[in-house]
Amino acid sequence: MHLVRDPLPGPPGGAPLRVVCIGNRWRGDDAAGLEVAGLLRETLPAKVQVLEREGEPTALMSAWDGAEAVWLVDAVSSGAEAGAVHRLDVSEEPLPAGLFRASTHHFGLADAIELARALGRLPEHTIVYGIEGARFTAGGELTPEVAAAVPGVAASIRRELGECTSRR
Amino acid sequence: MPERRTKTIRTDYLARVEGEGAMQVTIDGGEVSDVKLKIYEPPRFFEAFLRGRAFTEAPDITARICGICPVAYQMSAVRAMEQICGVEVDGQLRALRRLLYCGEWIESHALHVFMLHLPDFLGFESAIEVAREQPELVSRALELKKTGNDLMTVVGGREVHPINVRVGGWYRAPRKRELAPLREKLERAREIALEAVRVTAGLDFPDYEQDYELVALSQPGQYPIDRGRIVSNRGLDIAVSEYDEHFVEEHVEWSNALHSSLRERGSYLCGPLARFALGYDELSPLAREAAGEAGVGPDERNPFRSIVVRSVELVYAADEALRLIAEYEEPDAPAVELEPRAGVGFGCTEAPRGILYHRYRIDDEGTILDAKIVPPTSQNQRTIEEDLRGVVERSLDIPDQELTLLCEQTIRNYDPCISCATHFLDLQVERR
Chain A
1 MHLVRDPLPG PPGGAPLRVV CIGNRWRGDD AAGLEVAGLL RETLPAKVQV
51 LEREGEPTAL MSAWDGAEAV WLVDAVSSGA EAGAVHRLDV SEEPLPAGLF
101 RASTHHFGLA DAIELARALG RLPEHTIVYG IEGARFTAGG ELTPEVAAAV
151 PGVAASIRRE LGECTSRR
Chain B
1 MPERRTKTIR TDYLARVEGE GAMQVTIDGG EVSDVKLKIY EPPRFFEAFL
51 RGRAFTEAPD ITARICGICP VAYQMSAVRA MEQICGVEVD GQLRALRRLL
101 YCGEWIESHA LHVFMLHLPD FLGFESAIEV AREQPELVSR ALELKKTGND
151 LMTVVGGREV HPINVRVGGW YRAPRKRELA PLREKLERAR EIALEAVRVT
201 AGLDFPDYEQ DYELVALSQP GQYPIDRGRI VSNRGLDIAV SEYDEHFVEE
251 HVEWSNALHS SLRERGSYLC GPLARFALGY DELSPLAREA AGEAGVGPDE
301 RNPFRSIVVR SVELVYAADE ALRLIAEYEE PDAPAVELEP RAGVGFGCTE
351 APRGILYHRY RIDDEGTILD AKIVPPTSQN QRTIEEDLRG VVERSLDIPD
401 QELTLLCEQT IRNYDPCISC ATHFLDLQVE RR
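Quick note, the sequences are listed as chains A and B, same order. Residues 1 to 168 (this note's numbering) make up the first sequence, in order. Residues 1 to 432 (this note's numbering) make up the second sequence, in order.
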């Protein structure tokens with residue numbers, strides 16, 4: 001039973017630093033990004049916004065619109081071992097082709113990033129964390145290797161956010 | 001004897017879809033000898049998944065079939081279950097459903113028109129190139145789509161896979177003051193949609209028409225969205241409960257997706273072109289006027305012009321959403337009380353890409369015993385193949401690369417659920 005009393009956070013305000021975690025809880029390892037969000041939300045200062053999205057491109061673009069720096073976390077399928085973590089700085093360069101191939105997003109993260117870049121709406125500092133998934137089947141749980149990688153990604157982002165905040 | 005020349009236009013793998021799809025056109029000695037559209041669709045899996053679940057779970061489970069048209073799945077499911085329970089959800093509860101559906105149409109059509117289909121007509125590989133050339137147009141397209149998202153968020157509780165829909169109505173009805181801020185956005189969306197009609201009407205269209213049997217829902221006084229009888233331009237006029245008597249699904253060896261056809265009549269077309277032709281008189285005056293200026297009318301049979309018709313439907317969806325919000329009164333209760341009883345129920349609503357049929361059988365406890373779901377892409381499959389054949393037959397002399405792109409464009413006319421991936425088609429042309 002859903003409790004639908006104001007179930008959504010309001011539209012993203014003006015937080016300059018944001019973490020956007022992408023995934024689908026119903027599709028096995030695709031939920032990896034959302035698990036990272038769960039760990040981060042409890043431990044970050046309120047001025048850093050942690051958002052969860054399903055990967056719909058316009059929603060992604062609005063999620064980072066106006067931010068100075070954004071960290072994007074998503075499950076990927078590039079053929080590497082399950083649980084492998086990719087960190088890519090896409091502030092200047094596009095995501096390498098093929099990394100997000102197994103995504104179920106109809107017009108995915110890589111497209112949203114490039115569309116935002118073409119429109120001048122990509123934050124100056126944009127980092128993508130990809131967690132290599134193994135199973136994206138409907139209804140499945142995280143594979144142990146992927147679950148094990150989640151705390152490390154959360155810690156890395158927390159550290160980067162700390163460095164970013166201390167420079168400001 | 002002249003040398004026979006065979007060439008095959010083929011796509012082997014469609015990325016970024018749940019399941020796999022492929023396409024193959026074989027040209028043999030100057031004639032199209034074979035056309036195969038192969039779709040491996042997930043709904044079959046869901047039908048088995050539904051058995052044994054509670055009747056109240058059907059809208060949320062089936063919404064997961066598609067990230068682009070979850071509302072369509074929810075709406076067809078609730079209609080079927082409510083029919084079994086002997087309940088008709090009307091008044092403002094129904095109006096809210098139509099409003100949510102307008103949000104989905106706006107989201108889905110804006111994505112398809114601007115991001116997936118328009119690049120074909122402009123000779124670009126993707127919407128990203130369009131964005132580099134025409135950033136203002138693409139920004140407005142994104143704004144339009146975002147208004148669809150906002151509408152879904154306010155009414156459905158989330159911009160994708162709404163969580164507020166239930167059998168009998170809603171978990172929570174929005175307050176008037178929550179809907180009010182949408183008005184300004186929808187007015188702006190309507191302006192952008194009118195621009196979309198003008199922009200798409202000015203594109204170059206391949207010269208191609210088919211004498212389709214067009215199938216859509218119909219209810220007097222309302223453009224087809226959330227209910228109605230199933231009608232066609234060739235005299236079909238049936239209740240949704242008669243669907244299985246008139247439509248058949250059959251397995252073809254090259255596809256996991258069942259092919260739908262009308263019994264003893266063959267292929268048919270559902271989706272915007274069909275709705276527009278059959279429901280033209282029910283469009284809002286503004287949408288009809290925009291269509292008239294764009295040069296499309298109820299006799300439109302060029303599938304490439306579906307991009308204009310989709311844009312007209314964008315105008316309508318914004319217009320209709322504004323009307324529904326203006327007339328909205330908060331209901332006394334967010335849902336109608338209902339009890340399950342053993343029976344069979346039928347639901348059919350207009351997904352952005354055509355009619356979506358659900359049939360469920362439940363027991364006295366409300367447990368689902370079996371389910372049948374026929375998505376619009378499955379229904380249009382055969383017509384897409386016929387279009388591919390017709391388009392290729394008229395274009396045998398053009399270079400392979402152009403022909404390949406034309407085939408992709410032809411598939412995208414239907415905004416199939418595999419359209420998610422059709423911009424990543426790995427097409428191959430083979431000559432022997």
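A few of these clues could be false.
What the hints assert, rightly or not - Label-pair ranges, simulated between beta-carbon atoms:
#, chain 1, residue 1, chain 2, residue 2, range
1, A, T43, B, H251, 51 to 57 Å
2, B, E330, A, R135, 55 to 61 Å
3, B, R94, A, D65, 50 to 56 Å
4, A, G79, B, S395, 48 to 54 Å
5, A, E68, B, E133, 25 to 31 Å
Stated by the list, open to error - Counterexamples of contact, computed for chain A against chain B with all Cβ distances above 10 Å:
#, residue
6, R41
7, L44
8, L51
9, P57
10, M61
11, E81
12, V85
13, L88
14, D111
15, E114
16, L115
17, A118
18, G120
19, A134
20, A147
21, R158
Hints were generated in silico from the structure; no laboratory data involved. Built from N, CA and C at the ideal position, the CB exists for glycine as well.
Hints, one by one, checked against the model:
Distance hint for T43/A and H251/B: a CB-CB separation of about 53 Å, consistent with the stated range 51 to 57 Å. Taking the beta carbon of each, E330/B and R135/A are about 45 Å apart, not inside 55 to 61 Å as hinted. Hint check: R94/B to D65/A, Cβ distance near 35 Å, so the stated range 50 to 56 Å is violated. At about 38 Å, the CB distance of G79/A to S395/B disagrees with the hint of 48 to 54 Å.
Separated by about 28 Å at the C-beta atoms, E68/A and E133/B satisfy the suggested range of 25 to 31 Å. For R41/A, the requirement that its beta carbon stay farther than 10 Å from each beta carbon of chain B is met, with the minimum near 18 Å. No Cβ of chain B comes within 10 Å of the Cβ of L44/A; the nearest lies about 23 Å off, and the non-interface call holds. In this structure L51/A is separated from chain B by more than 10 Å, as the shortest Cβ-Cβ distance comes to about 12 Å.
Not every CB of chain B is more than 10 Å from the CB of P57/A (nearest about 8 Å), against its label as outside the interface. With a closest Cβ-Cβ approach of about 7 Å to chain B, M61/A is found to fall inside the 10 Å limit, against its non-interface label. Residue-level check passed: E81/A sits 21 Å from the nearest beta carbon of chain B, beyond 10 Å. With a cut of 10 Å on Cβ distances, V85/A stays outside the contact zone with chain B, its closest approach being about 22 Å.
With a minimum CB-CB distance of about 18 Å to chain B, L88/A clears the 10 Å threshold, and the non-interface call stands. Not every C-beta of chain B lies more than 10 Å from that of D111/A, the closest at about 7 Å, which undercuts listing it as non-interface. Once the 10 Å rule is applied to beta carbons, E114/A is inconsistent with being away from chain B; the minimum gap is 5 Å. At the 10 Å boundary, the C-beta of L115/A falls inside the reach of chain B, the nearest C-beta of that chain being 5 Å off.
The claim that A118/A is not at the interface with chain B is violated, since a C-beta of that chain comes within 10 Å of its own (minimum 4 Å). A Cβ of chain B approaches the Cβ of G120/A within 10 Å, the least distance being about 8 Å, so the stated non-interface status is violated. Listed as outside the interface, A134/A is consistent with that label: its C-beta sits roughly 17 Å from the nearest C-beta of chain B, beyond the 10 Å cut-off. For A147/A, the non-interface assignment is confirmed: its Cβ lies about 22 Å from the closest Cβ of chain B, beyond the 10 Å cut-off.
No beta-carbon of chain B is positioned within 10 Å of the beta-carbon of R158/A; the least distance is around 27 Å.
Hint compliance for this structure: hints 2, 3, 4, 9, 10, 14, 15, 16, 17, 18 are not met, and every other hint is.
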